[in-house]
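Novice: Chain by chain, the residues:
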Amino acid sequence: AQSVTQLGSHVSVSEGALVLLRCNYSSSVPPYLFWYVQYPNQGLQLLLKYTTGATLVKGINGFEAEFKKSETSFHLTKPSAHMSDAAEYFCAVRGNSGYSTLTFGKGTMLLVSP
Amino acid sequence: EAQVTQNPRYLITVTGKKLTVTCSQNMNHEYMSWYRQDPGLGLRQIYYSMNVEVTDKGDVPEGYKVSRKEKRNFPLILESPSPNQTSLYFCASSSRVQPYNEQFFGPGTRLTVL
Chain A
138 AQSVTQLGSH
148 VSVSEGALVL
158 LRCNYSSSVP
168 PYLFWYVQYP
178 NQGLQLLLKY
188 TTGATLVKGI
198 NGFEAEFKKS
208 ETSFHLTKPS
218 AHMSDAAEYF
228 CAVRGNSGYS
238 TLTFGKGTML
248 LVSP
Chain B
434 EAQVTQNPRY
444 LITVTGKKLT
454 VTCSQNMNHE
464 YMSWYRQDPG
474 LGLRQIYYSM
484 NVEVTDKGDV
494 PEGYKVSRKE
504 KRNFPLILES
514 PSPNQTSLYF
524 CASSSRVQPY
534 NEQFFGPGTR
544 LTVL
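Protein chains in written order, with the working numbering: chain A, 138 to 251; chain B, 434 to 547.
FYI, nobody ran anything at the bench for these hints, they're computed from the structure. Backbone N, C-alpha and C fix where the C-beta goes; we use that ideal spot for every residue, glycine too. Some hints could be false.
[Claimed, not checked] Result set (DSS-like, lysine-lysine): computed pairs, CA atoms no more than 27 angstroms apart in a straight line:
| id | chain 1 | residue 1 | chain 2 | residue 2 |
| --- | --- | --- | --- | --- |
| 1 | A | LYS243 | B | LYS450 |
| 2 | A | LYS186 | B | LYS504 |
| 3 | A | LYS243 | A | LYS206 |
| 4 | B | LYS498 | B | LYS451 |
| 5 | A | LYS195 | A | LYS205 |
| 6 | B | LYS450 | B | LYS490 |
| 7 | B | LYS502 | B | LYS490 |
| 8 | A | LYS186 | B | LYS490 |
| 9 | B | LYS450 | B | LYS502 |
| 10 | A | LYS243 | B | LYS502 |
| 11 | A | LYS243 | A | LYS186 |
| 12 | A | LYS205 | A | LYS186 |
[To be verified] Away from chain B, derived, C-beta distances all over 12 angstroms, residues of chain A:
| id | residue |
| --- | --- |
| 13 | VAL150 |
| 14 | GLY153 |
| 15 | ALA154 |
| 16 | PHE200 |
| 17 | GLU203 |
| 18 | SER217 |
| 19 | HIS219 |
| 20 | GLU225 |
With the hints as constraints, model all of the structure from the sequences given.
Specialist: Take a look at the structure:
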């Protein structure tokens, strides 16, 4: 079984401030981890993913995430928020088998103020 | 262009009137899945399919049916819709052979059941 916990349903930052969105997972097998973003009235778009190898993963739009096995975490960060980053962000986990399904967290809405 | 398409994009119906939401992908993906998205609950999996003629229940399958007669299509059927099925629905597909690959999402179908 696998699950994802995203701390904070809403996170507010000022433009230019650090963005930190938290994600903790549980998985009985080595996981693949994903962050998706959903802009208003749109579908989900992949931001970045961790499969194997380097634990610091860089994605689109300046976002990155670090896989920490000891902490079972995969937090998403961006050094400087932009107004266009306002969206809902979903962390997801999938086992490393082709028979594993993708399990999502409940999402974190990022609000960016001028 | 690689994509997942859903139809219709918007649908308003009445309780008990059978409906089908279609989903099609052109990436030759083995794995397809349906999710519903509700505020505060994130994405919850309804049904998934590992390949043609292979389907299984997700977390919230009650009131839904699916079929997978062709690799590219994965329709979602609501035999007798009820107001609690009012939601935003997403279809997604990915490679089962390469589970580290992302899931591609359709644009979503907003369903209202009166």
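Novice: Now tell me, hint by hint, if it's right for this structure.
Specialist: Verification of the supplied hints:
Under the criterion of a C-alpha separation no larger than 27 angstroms, the hint pairing LYS243 (chain A) with LYS450 (chain B) is inconsistent with the structure, at around 30 angstroms. For the proposed pair LYS186 (chain A) and LYS504 (chain B), the alpha carbon gap of about 26 angstroms is at most 27 angstroms, so the pair holds. Taking the CA atoms of LYS243 (chain A) and LYS206 (chain A), the gap is near 21 angstroms; set against the 27 angstroms cutoff, the hint holds. Note on LYS498 (chain B) and LYS451 (chain B): the hinted pairing holds, with a Cα-Cα distance of about 11 angstroms set against a maximum of 27 angstroms.
The straight-line distance between the Cα atoms of LYS195 (chain A) and LYS205 (chain A) is roughly 15 angstroms, inside the 27 angstroms bound, and the hint therefore holds. Among the hinted pairs, LYS450 (chain B) with LYS490 (chain B) is consistent with the structure: their alpha-carbon atoms are about 23 angstroms apart, no more than 27 angstroms. For the given pair, LYS502 (chain B) sits about 17 angstroms from LYS490 (chain B) by alpha-carbon distance, which is consistent with the 27 angstroms threshold. Only pairs whose Cα atoms come within 27 angstroms are accepted, and LYS186 (chain A) paired with LYS490 (chain B) is accepted, the gap being roughly 26 angstroms.
Annotation: proposed proximity of LYS450 (chain B) to LYS502 (chain B) holds, straight-line Cα distance about 24 angstroms (limit 27 angstroms). Between LYS243 (chain A) and LYS502 (chain B) the alpha-carbon distance is near 32 angstroms, which puts this suggested pair outside the 27 angstroms criterion. For the hint linking LYS243 (chain A) to LYS186 (chain A), the alpha-carbon distance of about 18 angstroms falls within 27 angstroms, and the restraint holds. This hinted pair checks out: LYS205 (chain A) and LYS186 (chain A) have alpha carbons roughly 13 angstroms apart, not beyond 27 angstroms.
Every CB of chain B lies more than 12 angstroms from the CB of VAL150 (chain A), the least distance being 21 angstroms, so the non-interface label holds. Against the 12 angstroms criterion, GLY153 (chain A) stays outside the reach of chain B, whose nearest CB is about 29 angstroms from its own CB. At the 12 angstroms boundary, the C-beta of ALA154 (chain A) stays outside the reach of chain B, the nearest C-beta of that chain being 25 angstroms off. Distance to chain B confirms PHE200 (chain A) as a non-interface residue, since its nearest Cβ pair spans about 15 angstroms, more than 12 angstroms.
Consistency note on GLU203 (chain A): stated as away from chain B, and its beta-carbon is indeed over 12 angstroms from all of that chain's, at 17 angstroms minimum. Against chain B, the non-interface label of SER217 (chain A) holds: every CB pair exceeds 12 angstroms, the least being about 26 angstroms. At roughly 23 angstroms, the least C-beta separation between HIS219 (chain A) and chain B is larger than 12 angstroms, which holds for a residue marked as non-interface. The Cβ of GLU225 (chain A) sits about 9 angstroms from the closest Cβ of chain B, inside the 12 angstroms cut-off, so the non-interface label is violated.
When each numbered hint is compared with the structure, violations occur for hints 1, 10, 20.
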